[in-house]
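Asks: The residues making up each chain are set out below.
Protein chains: 2
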Amino acid sequence: MGTPGRMWSLKPLSIERVTPVPSDIDIALAQVPKNIDVLAEEITLLPAEYDCYGRQKAKVDLSVFDRLRDQEDGYYVLVTGITPTPFGEGKTTTTVGLCQALGAHLNRNTFACLRQPSQGPIFGIKGGAAGGGYSQVIPMVDFNLHLTGDMHAITAANNLLAAQIDTRIYHEKTQSDKGLYNRLVPSKGGKREFSPIQLKRLKKLGINKTNPDDLTPEERESFARLNIDPKSITFNRVIDTSDRFLREITIGEGVLEQRFSRKSQFDITPASEVMAIMALATSLDDLKDRLGKIVIASNLKGEPVTADDLACTGPMIVLLQEAFKPTLMQTLEGTPVFVHCGPFANIAHGCSSIIADKIALKLVGSNGFVVTESGFGADLGMEKFFNIKCRYSGLTPNAVVIVATIRALKSHGGGSIVSLGSPLPDEYTQENLDLVKKGFCNLKKHIENIGKFGLPAIVAINRFKFDTERELLLLRNLCLCNGAAAAVICNHWAEGGEGAVDLAKSVVNACETWKGSFRFLYPLELTIEEKLERIAREIYGAGSVEFSDKAKAKVKLYTAQGFGNLPLCISKTQLSLSHDQSFLGAPVDFKFPVRDIRASVGAGFLYALSGDIMTMTGLNTRPAIYDIDLDTKTGRVIGLF
Amino acid sequence: MGTPGRMWSLKPLSIERVTPVPSDIDIALAQVPKNIDVLAEEITLLPAEYDCYGRQKAKVDLSVFDRLRDQEDGYYVLVTGITPTPFGEGKTTTTVGLCQALGAHLNRNTFACLRQPSQGPIFGIKGGAAGGGYSQVIPMVDFNLHLTGDMHAITAANNLLAAQIDTRIYHEKTQSDKGLYNRLVPSKGGKREFSPIQLKRLKKLGINKTNPDDLTPEERESFARLNIDPKSITFNRVIDTSDRFLREITIGEGVLEQRFSRKSQFDITPASEVMAIMALATSLDDLKDRLGKIVIASNLKGEPVTADDLACTGPMIVLLQEAFKPTLMQTLEGTPVFVHCGPFANIAHGCSSIIADKIALKLVGSNGFVVTESGFGADLGMEKFFNIKCRYSGLTPNAVVIVATIRALKSHGGGSIVSLGSPLPDEYTQENLDLVKKGFCNLKKHIENIGKFGLPAIVAINRFKFDTERELLLLRNLCLCNGAAAAVICNHWAEGGEGAVDLAKSVVNACETWKGSFRFLYPLELTIEEKLERIAREIYGAGSVEFSDKAKAKVKLYTAQGFGNLPLCISKTQLSLSHDQSFLGAPVDFKFPVRDIRASVGAGFLYALSGDIMTMTGLNTRPAIYDIDLDTKTGRVIGLF
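Residue numbers (my numbering), protein chains in the order written: chain A, 1 to 641; chain B, 1 to 641.
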């Protein structure tokens, strides 16, 4: 047991609510944030522990964690959601609203830990990701755009490694063993030396020599030739722009590259393994270790080739050093927020960073709360939060808030399909108790799943304007009769923290009184197939798992390469508990197909693909760019939503 | 005449010099910089006028310029160089050393305005660009890497426009006139409206209607169909990584994109027209205007299609808003530096930003100095500084410092070819007065060229370790007998500002006593051919200019499109006064070939290509990445040079 930590002297910001609720950007711009150094002082950061980036953002140094090492952690609360409609059900808004309630209304030390959004979708159809209504992170323009440059740093680090892959293949193809070796270990002023990263490669090869002149010709060749098999390359370039024309490309078609062309693709930056690594690393040393372990391809013998082999580990961590520090911002009501990392929730684990959560848990102290979120529904983000993120962090969560909406339940209950850009069908704008009752099966399954991890489920019923009182009360009762520790109707979108005070009280109560204890769904020692089956059966409700031949071959390969004991990250549609987005509600006994398995060895998981997963978004015919502008007189951004 | 401005109370930092001179990074890390808010206060910035980005960088708000509008400008000094060897001759080092001398030793208000380097070459062979030895900008790691994110913002803005080009072609190809129009002007809650950027397009088309329902079918078609000719696209994607495999690529090969593939390329970020625009814009309104005017292609009728047509102007300026503010840093001796923009010096004009120079000139006041630099030799960077940058800024330069080295003169005098990565031949490490004398013709031509602009030429003889006293004195005398206003041997690399005090005194003297006055080389009213010939004959020494058929066709096209009155930006090798890098010294009467002409309409110039210009760098077999690393214990970067 450490020291308990002390109560912050946080001065909440009051909000002047307007009805009807204005646009997100108008609400955000109407609030005057605290200077970030004021907030930093309120939450007991020392001046040397943060760097301001402008007046409303700061990078927090990892040394805070060392200073507070002996302090007890606060309560650790995850916000997740039911299987969503394409609109999303308001997880971030609920996370922010809950933190405003805990921090500004119940006066508990509280930190929100959020994911940083990609710039790509902001300019498309999705809009901002800083919450919404009176539950937002401010300034929302910064949150949604460059912030403190982390996304760009990740892009740069990823692309340096990607460039070095093709360039190295080129240099190996165009040079003799001798020429290659002499260039890799040049004589400078008559002296030849291996650099430390080259010594690391020698060690991996089992060559126990430090003088470059001592290597045999065979040793020189094995040192200098990575022999990357171009067909096996799995590490792609990334860009943080929605650019569908980069989904399938051919690179290296120039004469200068001797037309060593190959098919390739750009992914959007959150899909980079570097992003997943940043989110999962527990220290700077761990970050460096994980970066070096990234497997980018196999060599011609089928052995993994890593970022270390390509000498990219050092420059990558240099590029990422600042980005590895969480960014401090605030909610509309002046409570603290960490924004840090935003990996995909399909091919990656979809959670904000371990390092931000760890620092926040120390800062809030033993009676405080850290509320963090995970992507998509509880079958995806939450399962991965527990089995991947918590496994690597060693942190123990205390409660789960699951966000549900009447709209999503109606969809699961058999309502017409809803889609972005089309008007809502009538059953969604009029009372329909039957659809709510039928659709509850989806939420029920998620509540049961939360129980499998040993934690209390608190349902946050996120109120929308068409919801009727009878629908809301019906849903609450269904939750309470089906295993939820609490179920609370909340209205934080329209009312800010005040609209989530009841939810906050339920969270406090659950954390302080729950008797269960957290457990993983599976031990790492299971085989890859067993782990996959455990997740598909227990969490999704599948009857069996079907492995394609390709997937079977990969199971063999990764087991042989020694990666069989990594946790599993499943990439499937977020719109169903199953692999098929047309299976709404709570499907059972379906065959869950595994098309392929890939490895993010640096991040520390294998990922299994159950369908085609898009790793690059696109712009629609009339994207949000038509509305976005800058008022050059005032410097105000217009049209971000 | 405005108010004169007051003397700063600047406290220089003292440097503890070590012999032999340590590596750049060791020197940089041994100095403790002032907190940037201290420096900001010293140079009379108000607290509301800057935002700190960490402790050692700040973004300076454009409002400073408005506050000081009535203040007289300081002296405006350009640092340029003779035709360089591939090593470069030390322009940035001289700029920094000169400013250290002026600011920290002569106690004159002095600002250095520098270009931000690309991250690409940093990881290759070139190393850092923050100066060198005891004349550097600190912190050098920040300077060379992300800085305050400007380069990334430019990448993002460029690539949003690039993505929208192909996406728009795709949407036009796959939709009917009606479908396209209805999607571009959707009905929201029964209401249809054009957005402001759409109204701008209607105006351009001469359609004087504001109700979407009122347009005729023909008007709808001409509004909705940009009919971009894919073969005419000149706007490329960019990335700030040396990635030669992106030099020639095919994009859009996916089934989802219906395989509407085309050949394309990535350039490195400094080659983006957006970079040139940022450097040339004189205000936020001017920036927006220039972004909107970017011509990305022609339509099928041969008319220019712009960023405005693609609705990208608003989001681009939103992405660039912060990046348009110059970044304040400091020299090793604690004098102020603006780092802002870094366009290529071949296909663009190669100068740091107008806005930084303008703000700096106000801050130093009438007795102060702003020292700015331009890329490559005086035939490229300086000519463009005058004819493009000064034309758009309206600023009048007072003097030119031209950097020369014994090494480069020997190379122009017939010494063996020097190249990166090879040891220097003997004639460069031993005294050789004859080669210096012969090679002087190159410097002489540049001195004459400076005179053509009406300005005094001060030769900064940048001392290197192999130079003998006799060589240096010979060169000084040659300069003084051939039109230089002054010629000074300087040793700022080894001695910091102290080593450039004599140079600084000569600069002060030239600025305060020179009787000539600045003039352009050509008026804009000349035809494209005439402007090109003026530059080639007067500056390069060409006897004639030879236009390819392609170039002739472009002259016709751009004249017809109304771009004939733009200034000219010539893209040629920097290693010769001519187009051919084997013509060293001062070649005369050669035929200068113009292979192609292209337009950067937003930036405001046409650029003529005289040879193959590489717009994407590559990594060599053993790039600098092998040496770069982070000490995770201390957070120190290792191996940047």
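Bear in mind the hints are in silico, worked out from the structure with no lab data behind them.
Check before you lean on any hint, since a few could be wrong.
In this list, chains with the same sequence are indistinguishable; a pair is considered to hold if it fits within one copy or across any two.
Using 27 Å as the maximum straight-line C-alpha spacing, the simulated DSS-like pairs for lysine-lysine come out as follows [as the list claims (entries may be wrong)]:
no.: 1; residue 1: K515; residue 2: K505
no.: 2; residue 1: K293; residue 2: K452
no.: 3; residue 1: K554; residue 2: K301
no.: 4; residue 1: K591; residue 2: K554
no.: 5; residue 1: K465; residue 2: K188
no.: 6; residue 1: K34; residue 2: K200
no.: 7; residue 1: K301; residue 2: K437
no.: 8; residue 1: K173; residue 2: K263
no.: 9; residue 1: K188; residue 2: K437
no.: 10; residue 1: K191; residue 2: K591
no.: 11; residue 1: K515; residue 2: K188
Asks: Return the numbers of the hints above that this structure violates; sort them in rising order.
Replies: 2, 6, 7, 9, 10 and 11
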